[in-house]
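S.K.: For this one, chain A is given, so just place chain B on it according to the hints.
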Amino acid sequence: MNITILLLTLLIGALATYFSGKKSAAKVALSFAVIAFIETFVLICQHNSGFNADYSVEWIANPNIHIALKADGLALALVLLNTLLTPLIILSAWGKHIEKTNIFYALVMFMCFAMTGTFLASDGFLYYVFWELALIPIYFIALLWGNDTFEARKKTVFKFFIYTFAGSLFMLVGFIYLYQKAGSFMLYDLYNLNLSSKEQYWIFLSFFIAYAIKIPIFPFHTWQASTYEKAPTIGTMLLSGIMLKMGLYSIIRWQLPIASDAARELMPTILVLCIIGVIYGSIVALKQVNIKRFFAYSSLAHVGLIAAGAYTLTTDGLRGAVLQMIAHGLVIVGLFFTAEILYKRYNTRLISEMGGIRQQAPKFASAFMILVFASIGLPGTFSFIGEFNLLYGLSQVNLWYALFGGTTIILGAFYMLRMYQKTMLGETNSKPFADIDKTEGIVLGVIVICVIFLGIYPKPLTELITPSLVEIVSYIK
Amino acid sequence: MDTNVILLLLLVPLLGALLNICFGKKLGNGSGIIATLAVLVSFIVTVIAFFQVNTTKQPIQSDLFEWMAFANFKVSFGFLLDQLSLLWLLFVTGIGTLIHWYSTSYMKGDENYGKFFGYLNLFVFFMIVLVTGSNLLITFIGWEGVGLCSYLLIGFWHKNQSYNDAAKKAFIVNRIGDLGFLVGVFILAFLFQSVDYMTIKESLMHGTNHQINTWIGVAALALFIGAVGKSAQIPLYTWLPDAMAGPTPVSALIHAATMVTAGIFLITRLNFVFDLAPQIQNIIAIVGAVTSLFAASIGLVQNDIKKVLAYSTVSQLGLMFMAVGFGAYEIAVFHVITHAFFKACLFLGSGSVIHAMGGEQDMRKMGGLNKFMKATYATFLVATLAISGFPPFSGFFSKDEILMTAFHNNPALYIIGSLASIMTAFYMFRLLFLTFFRNFRGTQEQKNHLHESPASMTIPLWILGILSVVGGVISLPGNSWLNNYLQPIILNNAANNHHAFGTIEYVLMAVAVIGALIGFGMAYSKYIKKGDIPQEDEQITGFHKVLYNKYYVDEIYMKIIVKPIYALGTFFRDVVEVALSETIFGLGKIVDGLSLQGKKAQNGNIGLYLFAFVFGVCIILYYLFIAS
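Protein chains in written order, with the numbering used here: chain A, 10 to 486; chain B, 20 to 647.
You may find that some hints are simply not true.
Stated by the list, open to error - Once the Cα atoms are required to be at most 20 Å apart in a straight line, the calculated EDC-like pairs of lysine to aspartate or glutamate come out as:
id	chain 1	residue 1	chain 2	residue 2
1	B	Lys45	A	Asp444
2	A	Lys372	A	Asp444
3	A	Lys168	B	Glu601
4	A	Lys164	B	Glu601
5	B	Lys44	A	Asp444
6	A	Lys296	B	Asp82
To be verified - Incomplete in silico selection of chain A near chain B, CB under 10 Å:
id	residue
7	Gln297
8	Cys459
9	Phe462
Unchecked claim - Some residues of chain A that are not near chain B, with every Cβ distance over 10 Å (derived):
id	residue
10	Phe229
11	Met276
12	Arg354
Calculated directly from the structure, the hints in this document are not laboratory data.
Using N, Cα and C, we set each Cβ at its ideal position, and we do this for glycine too.
The following block holds chain A by itself, in its conformation from the complex (with noise of 0.2 Å):
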């Protein structure tokens, strides 16, 4: 199958949801996403089979631009958690009343569609592009369907939009100076160029503040507990799920082959910035009373030490990386959604306000209970897998890194556990609380029976990501 395919049915998708009408959208956004899924599943059946995918033409002959897609493992493994998600993502809202619904599916289905673009494209510019289009559709749809008054979340909006645009214009600078050089925009060619360690040091820096932003590493978070609180819970569930997998994607993908020496040099700096993270992350989130806040910083938390398995340059800290992110953007798209079933029955998202609902909803108490023990990464989900991936890997580097790296599992069960029992348990609630319906059921369903079957088995993944990894390792060395 041809890659662009995929793409197509994509834009095809957004453009189709937007023209369908009010009524039908979520049907028509919802079909394209599946449809998007099993060709997802097709593309990597034919990848393990020998097939390759890769695509390339020119675009634009002056400057030296070319629509260029490079289907490998890696790209494919982020594609897979993104069109997993999208189905999923649309199915949390369904039967919500939603204002504008074909433009808001419309947006979130090209959101998708830029999403995958960025993962698959293997020139510079027109990643660039993907990239950026990521960043349009979510902007409208936490700006206009969000919480709270308009007036709250348009400063919050804009607030997150300049700050990754802003990141983002740093990279597109790096881009221009390396295409000075190279003469092409074209993955490998980038790989190959010879930069001086200073050039290096300059390029790394401006790719990491773009992805400092976008993932977000300490100090750089400070857009994002904010905007998982304002925008609605798909557009969180989007950003929270995939859209931060690009950032961390785009530092295997682009920055650590293409400046390789300057990442040896700074990864102790690096490193400790993103342990940083994890721990500060952790500690914030046990003092926030919005549970959306909540796991915007349990999620700084898991992504600092997916970064910092990324900085290692080792093949298990890479593979730890990429296998958490999946793990990441499954559980915390399934946690998002328990807030959002939490809101949709008690109307708050105060963590005070909650409790006393397990006795009245065992099937929901049972999913979010897995949910929680994947999150803080039981052997037996696939967290687990990823989590000791990369503690493994900061381990190789050094030992006090993994050591300060895991104390995420500690307090990690410290805050989950505290949020758990506060949201779930103690004397039953006087207000009712309907179980979990047929709907929401199979979202939350999909994602746990996928967190557990990969924990146990996650070789499928596994063998498709490496391949790629070891190569790009290749290039850092």
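M.R.: Frame of chain A; chain B shown alone:
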């Protein structure tokens, strides 16, 4: 064939767990039966496997599939039934079956009856994974899985937030140890390119060098920290007494007989690693000895029947750690087994008492129960004699061997261990006298309610009572079946057989018996002759108060660890977050100010703002790269 045995062993309790968790409500009383049968099947499979391995001397093993792969090693989803894991399995599934059976009555009428058995089955499943894993990471699945079940079962009555607190505390404190476990795994994986027990053992048999030994020491220390968490030793023991919030069968199965011995299991499993780290072994012995005395001293004055038993468990585990610290693994294992018998018996007995008392756990309100509950009393008495170390009950032999080893290795620790044993005899008889002797001190209503528990509860008590008596036969002095049986597991077990059984051993035995008699005598004179009843909480003063409040360790931890973390959280949230946010936007404004004449940029036009920003950045980068 091997694979089938292992799958049967694992999947039956897992299936029981899933059935009971998903369909518990529909199954009704059937869930107790299903769960009990599931564990019984595991027990039967274990017995068959045990005899097979005992005859063939070949472990049963199977790698189901490759679980994880790293740059220089692979981890298989592999299981190993050898002498050590089978021994553990025998008492885990054996006692597990009894406790499941007991619970069918004990938990009758609970609104989450089915779920209880689901969790209990799940626990057995993870415990089987823990002991049969053929590498450290499979063991770790079980290790954390039993922690999960412990969390679920301590907080089983989840409407009570203090129970939930206890559950949460157990999990978090254990996770401190788990980080140690993981660090140990990292080091061993780095040194041996494997986390497989047999591979590590083989590598070590080819000899090591000084540098590797240093790292092995670090790994041993890290793994020991893991064991300290799971087996409730100083300084991570504080979760275990709180864990008594769970239903009593849970305390018996998880927090006395099986899960808490996982630390001993781990160290015994890796005996060839720990043998290379003598300094760490020293630390283990000291920590064990100190814990045994410390916990026993707290146990002296507790009035909650389960709290006494909990501190007793911590103390007994301390003795086992002392033994492994001396490299006397088989002796530690011996005590693990006898302790499993008598402590399970004691907990189930206390459960029977609590059941009869309508939920009351305060011994000050009990008394005279021997008249009402003959079977419970008789089995409790037997188990008390066993734990106090009276011959010929099982605990006498195992404890005596530990103290003998201590005497030969480190006399100071021998004295500490002996003191702890005297205290044990005291607090156990105190418990027995206060609960079963003299007159009933509860309300009339409670008195009318008093009854012996049904047969499904007393039969398990009788079986455990008998095992508490005869359990010592597996390792009698001079003729140790256990020693020979564990020969293939313990690489270096010659070291502990160097002393023949002679005069000195008889003297030590006599000393131990006299010690137990002293403890018994003191309890007898205080609680039977004088008829003392422990004071009300408010009247307790002086050192007694310090002991009663468990040396205020929980309060200290709260003050120096938990509270500061919360304070830091508030500080980060309210101060640092705000400051960071402002600084970063401040930076943006500086760039903005440099690029255009400041005032024009203040018009709120976002495009202009961004343009200015980019323009400024471009100029800076141009000068940095191209102009230079």
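S.K.: Does A:Met276 really sit off the interface, with its C-beta more than 10 Å from all C-beta atoms of chain B?
M.R.: 18 Å, holds
S.K.: Holds or violated: A:Lys164 and B:Glu601, Cα atoms, limit 20 Å.
M.R.: Holds, at roughly 14 Å.
S.K.: For B:Lys45 and A:Asp444, compute the direct alpha-carbon distance and say whether it is at most 20 Å.
M.R.: 17 Å, holds
S.K.: Could you check if A:Phe462 really has its C-beta closer than 10 Å to a C-beta on chain B?
M.R.: 13 Å, violated
S.K.: Should the label of A:Arg354 as a non-interface residue stand, given a Cβ cut-off of 10 Å to chain B?
M.R.: 19 Å, holds
S.K.: Assess, step by step, whether the Cα of A:Lys296 is no farther than 20 Å from the Cα of B:Asp82, and give holds or violated.
M.R.: 45 Å, violated
S.K.: Next pair to validate is A:Lys168 with B:Glu601; report whether the Cα-Cα distance is within 20 Å.
M.R.: 11 Å, holds
S.K.: Given the hint that B:Lys44 pairs with A:Asp444, test it: the Cα-Cα distance must not exceed 20 Å.
M.R.: Holds. B:Lys44 to A:Asp444 sits at ~15 Å (cutoff 20 Å).
S.K.: Far enough from chain B: is every CB of that chain over 10 Å from the CB of A:Phe229?
M.R.: Not fine: 7 Å to the nearest Cβ puts A:Phe229 too close to chain B.
S.K.: Would the stated hint for A:Gln297 survive a check requiring a Cβ distance to chain B of less than 10 Å?
M.R.: Status holds, d = 7 Å.
S.K.: Can you verify the interface hint for A:Cys459: is its Cβ closer than 10 Å to any Cβ in chain B?
M.R.: 17 Å, violated
S.K.: Does A:Lys372 pair with A:Asp444 here, judged by a C-alpha cut-off of 20 Å?
M.R.: Cα-Cα ~7 Å, so holds.
The structure does not agree with the numbered hints 6, 8, 9, 10 stated previously, though it agrees with the rest.
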